[in-house]
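Participant: From just these sequences and the hints, can you work out the full model?
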Amino acid sequence: MSFWKWSKAEKTRTQFMPAGKVAYAVGDIHGSLGLLQAMLESIANKSAQLDQGRPTIIFLGDYVDKGDDPSGVIDALIEAKSNDRFNWVFLKGNHEDALLTFLKHPEFGPQWLQFGGAPTMLSYGVTPPTARSEPEVWEAAAQQLLGSIPSSHMDFYQKLGLAYRMGGYFFVHAGIRPGKAIEAQRDEDLLWIRSEFLEDRRALPVIVVHGHSPDMEPYSDHRRIGVDTGAYATGRLTCVRLEADRVDWLHVTRADLKPG
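Mapping of the sequence shown onto my numbering: residues 9 to 268, in sequence order.
Bear in mind the hints are in silico, worked out from the structure with no lab data behind them. Hints should not be assumed to be uniformly reliable.
[Stated by the list, open to error] For each label pair, taking beta carbons as the anchor points, the in silico distance ranges come out as:
id, residue 1, residue 2, range
1, L265, Q60, 46 to 52 Å
2, W257, Q152, 39 to 45 Å
3, G28, T242, 31 to 37 Å
4, N91, A27, 41 to 47 Å
5, R140, D229, 18 to 24 Å
6, H113, K167, 18 to 24 Å
7, S203, T109, 35 to 41 Å
8, A27, A241, 57 to 63 Å
9, E207, N91, 35 to 41 Å
10, L206, P158, 34 to 40 Å
11, P267, P158, 25 to 31 Å
[Stated by the list, open to error] Below are the BS3-like pairs computed for lysine-lysine, each with C-alpha atoms no more than 25 Å apart in a straight line:
id, residue 1, residue 2
12, K266, K54
13, K89, K29
14, K112, K266
15, K112, K167
16, K54, K29
17, K89, K167
18, K89, K54
Cβ atoms here follow ideal geometry from the backbone N, Cα and C, with glycine treated the same way.
Facilitator: Structure below.
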């Protein structure tokens with residue numbers, strides 16, 4: 009569901025999930041395949057214990073870059089969404105935005121490498137050029153990467169949404185620009201905003217559930233719920249479970265991973 013296509017009823021703020029609805033929102037994965045697999049198992053177990061009906065699992069973006077196995081994460085997500093016990097929602101993060109930008113504009117490559125693009129290239133079998141490589145080298149790398157990404161992965165990247173709404177919650181990768189109507193938000197802010205959103209104290213028309221800004225602990229107040237606990241660096245992936253007016257947390261760490 010697109011953030012600019014709400015019904016009239018959805019534009020009325022509520023502070024909770026709709027009756028009978030449950031959502032799980034997963035923070036930034038960044039190539040951490042083992043943690044993703046452990047989280048999917050944790051959600052399935054929690055859902056079997058508590059949920060009635062068909063819960064929604066929302067991924068807040070940043071599946072690629074930084075971690076060890078970005079392409080493996082995409083494979084796992086594509087496989088997971090075949091499980092019809094859940095409604096699956098996949099949102100775009102700024103790192104997927106950067107990947108797609110590089111494929112269209114290879115001169116963006118050095119900037120992409122600076123914030124973690126090399127592991128994604130390597131996971132698709134492409135050796136990253138050095139940051140100072142000539143433009144034609146970056147052009148060749150972009151073409152090689154485009155040819156190496158499976159069509160199922162490209163379809164996944166190209167169909168990622170920008171935002172999702174359930175009840176009083178607005179799910180998005182980075183946040184929203186305060187003082188601006190939800191319907192008027194710019195894609196750039198939804199994907200990239202940070203301090204202007206995090207440090208503002210004005211009331212918002214929704215509670216924003218987001219990733220993008222990592223911290224050691226998840227965060228929750230009357231304005232926002234931050235779910236990014238820096239999985240690739242901390243070894244801790246976090247998910248928030250929302251039902252009625254309840255906010256509960258699920259965490260998996262490297263200690264939870266199965267050997268082998």
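Participant: State for each hint whether it applies.
Facilitator: Each hint tested on the structure:
no. : hint                       : in the structure
1   : L265 with Q60: 46 to 52 Å  : 30 Å, violated
2   : W257 with Q152: 39 to 45 Å : 41 Å, holds
3   : G28 with T242: 31 to 37 Å  : 34 Å, holds
4   : N91 with A27: 41 to 47 Å   : 24 Å, violated
5   : R140 with D229: 18 to 24 Å : 44 Å, violated
6   : H113 with K167: 18 to 24 Å : 21 Å, holds
7   : S203 with T109: 35 to 41 Å : 22 Å, violated
8   : A27 with A241: 57 to 63 Å  : 39 Å, violated
9   : E207 with N91: 35 to 41 Å  : 39 Å, holds
10  : L206 with P158: 34 to 40 Å : 36 Å, holds
11  : P267 with P158: 25 to 31 Å : 28 Å, holds
12  : K266 with K54              : 18 Å, holds
13  : K89 with K29               : 19 Å, holds
14  : K112 with K266             : 39 Å, violated
15  : K112 with K167             : 16 Å, holds
16  : K54 with K29               : 15 Å, holds
17  : K89 with K167              : 13 Å, holds
18  : K89 with K54               : 17 Å, holds
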